[in-house]
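Trainee: Below, each chain spelled out in residue letters.
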Amino acid sequence: MATAVAHEAPATRSVLWSWITTTDHKRIGILYGVTAFAFFLLGGLEALVIRLQLARSENDLVSADMFNQLFTMHGTTMVFLAIMPLSAAFFNYIVPLQIGARDVAFPRLNAFSYWVFLFGGLILNSSFIAGPLFGAGSLSVAPNAGWFGYANLTSRAYSPGANIDFWVLGLQILGVASLAAGFNFIVTIVNLRAPGMRLMRLPVFTWMTLVTQFIVVTAFPVITIALVFLMFDRFFGTNFYSVSAGGDLLLWQHLFWLFGHPEVYILILPAMGIVSEVLPTFSRKPLFGYAVVVYSGLLIGVMGWGVWSHHMFSVGLGPIPDSVFAATTMLIAIPTGVKIFNWLATMWGGQLRFTTAMLFAVGFIAMFIIGGLSGVMHAAPPADLQQTDTYFVVGHIHYVLFGGAIQGIFAGIYYWWPKVTGRLMNERLGRVHFTLSFIGMNLAFFPMHFIGLLGMPRRVYTYGPELGLDTLNLVSTVGALLIGVSVLVFLVNAWRTRRHGDIAGNDPWGAATLEWTIPSPPPAYNFTVIPEVVSRLPRWSRTQMKAIPDVPPEPVHVPGGSYWPIVAAAGLAGMAVGALFHTLWVVLAAAAVLVVAIYAWAFEPFEV
Amino acid sequence: MALLRGQTQTALALGALMMWVVGCQGPFPQSTLAPTADFGAHIDDLFRWIFWFAVAVFVVVEALLVYVLIRYRARPGAPEPERVHGNTLLEIGWTMVPAIILILIAAPTIQTIFRTDGTPAEGALEVDVIGHQWWWEYRYPEFGITTANELHVQQGRQVSLRLTSQDVIHSFWAPRLGGKRDVIAGRTNRLAFTPDSVGVFLGQCAEFCGESHAKMGLRVMVDAPEDFAAWVERERSAPAPAESLSALARQGLEAFRLVREPASNSCIACHAVQAVSFGVLGPNLSHVGGRTTVGAAALPNTPAGLAQWLRDPVAVKPGSKMPRIGLTEDEITALVAYLQGLR
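Order-wise, the sequence lines are chains U and E.
Each step along the first sequence adds one to the number in the numbering used here, with nothing skipped, and position 155 is 155.
Each step along the second sequence adds one to the number in the numbering used here, with nothing skipped, and position 177 is 785.
Worth flagging that the hints you see were computed from the coordinates, not collected in a lab.
Any given hint could be a false lead.
Covered stretches of chain U, going by a simulated chain E footprint (3 or more residues, C-beta under 8 angstroms) [what the hints assert, rightly or not]:
1. 60-71
2. 289-301
3. 336-346
4. 542-553
What follows is a set of in silico ranges between Cβ atoms, one per label pair, in the way DEER data are often shown [claimed, not checked]:
5. U:Gln544 / E:Ala682: 23 to 29 angstroms
6. U:Arg156 / E:Ala923: 22 to 28 angstroms
7. U:Gln544 / E:Ile700: 33 to 39 angstroms
8. U:Asn191 / E:Gly685: 23 to 29 angstroms
9. U:Ala547 / E:Gly685: 25 to 31 angstroms
10. U:Ala245 / E:Ala850: 51 to 57 angstroms
Here the structure is a predicted model, which means the values were calculated and not measured.
We put the beta carbon where it would ideally sit given N, CA and C, even for glycine.
Using the sequences and the accompanying hints, generate a full structural model.
Mentor: Right under this line is the structure:
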């Protein structure tokens, strides 16, 4: 460090400014993580209000419209503002370290992605307090047509307020963030691998990131098209989703689910990648069937495109399409099952150490099985006719997305926290967090299967006592509250250990991959010299890689910061705000800011 | 299959015991697990078949997981585990086993898809179902009957529903009779079932359709053949002439006919009563007195329930298209007498 290492931001500027202008993938990863976790807490609070409203029949904690806003925002928030960007936090922080790179391929585009995501999330959530600005009768005008926003409920005729405008504009902005990040990570993983890091030596987490990003760049254009149609219908009076003008309402559903099902894999594949890192480390054994796990991930990514109509078995597509989509949906269970068996075989014969990260990884396997099996049940269209749009499916998705994705993400947080902060999390609090979360999720989500099979539809703000479902719903609510408590335990743990935890050192776990060869937290330039990779598990294999010196042998250039990404992102957000208020000059002015910022960014001197 | 049935009964009994333990309050009127029509029964058979495979896979995999966790937990001083990288035979094995299970599930699935695709048999009772925010309209072309929310069908005679929507997407679902089918503007979907038991079966809209989606209930009244014939007869009969009404009911008729300010607050703007009015935006009330509920099963059709609805429909059903009209208590009493007399 004594040599002339260019630090990230000029030392004269404030700390805040250095974060605003940062292009360091590690800092952007932290920004993604903190922001997404804040949205996760918000989405969780929404879920708690939903559960409290449903704790007993004919409850009146919130109004019908408020309830509809809450479940719409809970779904939208958890999918687009929590799970996706929490995964993005890991992509940002971990992937360059795992492939032996100094940063991502396009550091400023990376910063741009983050700021666009932040502004998109803020615009969406500002709808909770924006009512008076739109002359609405209530404080809150949050989106209220479900996270799936089926046409034609979302048309001006049936949703005249600003609610759906927030949704259609907010999601388009978030799509820009996801697409920019998607291209960035594809280029990074393909081009910036250290010498010797062949594709089949990539850590599985990086592999799953690559697959995920290919799905992102192919799936997001589809929903963007659907949203642009909707925006034109709402703002300019076109008739894409207007039945009286000859539109077909199923157009929206096909476009939405053609995006929406790959989206499920966007949410779950990164978590599968994390689990595939954590299990080998704490079993002291390499991943069983590395190639098979990688190929099954690829296969899931490809097959995920051929199953979308299983969300539409009740719309009456006819017996032939229903049969075809049932078959493809059942097929996709095979590569998923293969992954589970490979994880079990990884642990078989190992020396299992039950750290909190390992507990969450094992919890992922145990719970994801339940979500997978209930998924096979409604892969059968006739059974789905009873289960779709009921709490059975709510139970299913929460076993996949909470039991799966969120537990995987927590496994990743506990696993890489020492790399990011240099300090270990408290394992005792971690075990309390895991235990409460595990009990809570099963209390909250398992009864939902029965609630659905016994006839309660989803998205109802109330239900009658005659359904006989009060007790089961109460149990579910208690479980949800327990999950809330478990998250509080995690927050305490994170707050205390970020400064006062035990010092981690380079590699507290005895792990195999490259990120553990460098200090925790890593210096701005990551690697003093770019490592030469000679095996898939550099720290475990007998053929030792060349040691990485502690001090850079020659000066390392690290790109300085840039404020143009945040300016460009602000321009994009300003266009959406102008559109919300139907004010053309604001849209044009904000577009000008965007164009100027991109131009200035393109010609900014910037050393990589 | 017979053996499987036996196991199913045992497991159901166990399940029922579990439900009783958690203290559920008795029968579940919208249960998908107690079908009373062929449609529901086909689905139920398929579901149980898949269910047992799922249980078997669940038990095997979770047991393996628990075994691994206990057997291979780290022990101090144990040697470093062997660095196994994979095993091709095992990989093939655990690809084939799920594939075989899925084939065993897929075959009856596809059979059931074709068995339940809604194609009506000869002589089925045709009913047009039209979804509205937030109520159901039923038309019986065979009898020229239009009614709402309570679907009368005949035990043992197949019913063929032709479903479409007047506004947003809804989904018709009476769980004990069978699966749901979406009700979509611009499309006509089909649903067919043959009810096998007399009774009242609850259902509700299953596709989110706006503010009062939760209050878009429905009832399917499965009548014995003679009761169904009597119901058809009543629905087809002309209303009692105004002269034969009681004084109170006649006041109600006047209140019903009254053109209010604004005109959209008038009953007749939206509701049809045979020989009185032609409104089509709301339910046809020609025989509303014969129904057991009002407001799409939101309230019982008792004098108190109907009065509550007339007083403030928006409080019962948020966002209701029927506005708070500001009827006087006298008008409400008279309207209740009139409407409940329309049988």
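Trainee: Should the hint that U:Gln544 and E:Ile700 are 33 to 39 angstroms apart at their CB atoms be regarded as holding?
Mentor: holds (35 angstroms)
Trainee: At the C-beta level, are U:Asn191 and E:Gly685 separated by a distance inside 23 to 29 angstroms?
Mentor: violated (46 angstroms)
Trainee: Do three or more residues of the segment 60-71 of chain U come closer than 8 angstroms to chain E, measuring C-beta to C-beta?
Mentor: holds (count 4)
Trainee: Three or more residues of the segment 289-301 of chain U near chain E by CB distance under 8 angstroms?
Mentor: Holds, because 4 residues of the segment 289-301 of chain U bring their Cβ atoms closer than 8 angstroms to Cβ atoms of chain E.
Trainee: Would you say the C-beta atoms of U:Arg156 and E:Ala923 sit inside 22 to 28 angstroms of each other?
Mentor: Since U:Arg156 and E:Ala923 have Cβ atoms about 27 angstroms apart, the given range 22 to 28 angstroms holds.
Trainee: Quick check: does the Cβ-Cβ distance between U:Gln544 and E:Ala682 fall within 23 to 29 angstroms?
Mentor: Given a distance of about 25 angstroms, which is inside 23 to 29 angstroms, the answer is holds.
Trainee: Can you tell me if the segment 336-346 of chain U counts as covered by chain E, using C-beta to C-beta distances under 8 angstroms and a minimum of three residues?
Mentor: holds (count 7)
Trainee: Could you see if the CB distance from U:Ala547 to E:Gly685 stays within 25 to 31 angstroms?
Mentor: Since U:Ala547 and E:Gly685 have Cβ atoms about 30 angstroms apart, the given range 25 to 31 angstroms holds.
Trainee: At least three residues with a C-beta closer than 8 angstroms to a C-beta of chain E: is that true for the segment 542-553 of chain U?
Mentor: Violated: only 0 residues of the segment 542-553 of chain U have a Cβ under 8 angstroms from chain E.
Trainee: Given a hint of 51 to 57 angstroms, does the C-beta separation of U:Ala245 and E:Ala850 actually sit inside it?
Mentor: With a Cβ separation near 44 angstroms, U:Ala245 and E:Ala850 fall outside 51 to 57 angstroms, so the hint is violated.
The structure is inconsistent with the numbered hints 4, 8 and 10, although it conforms to all the rest.
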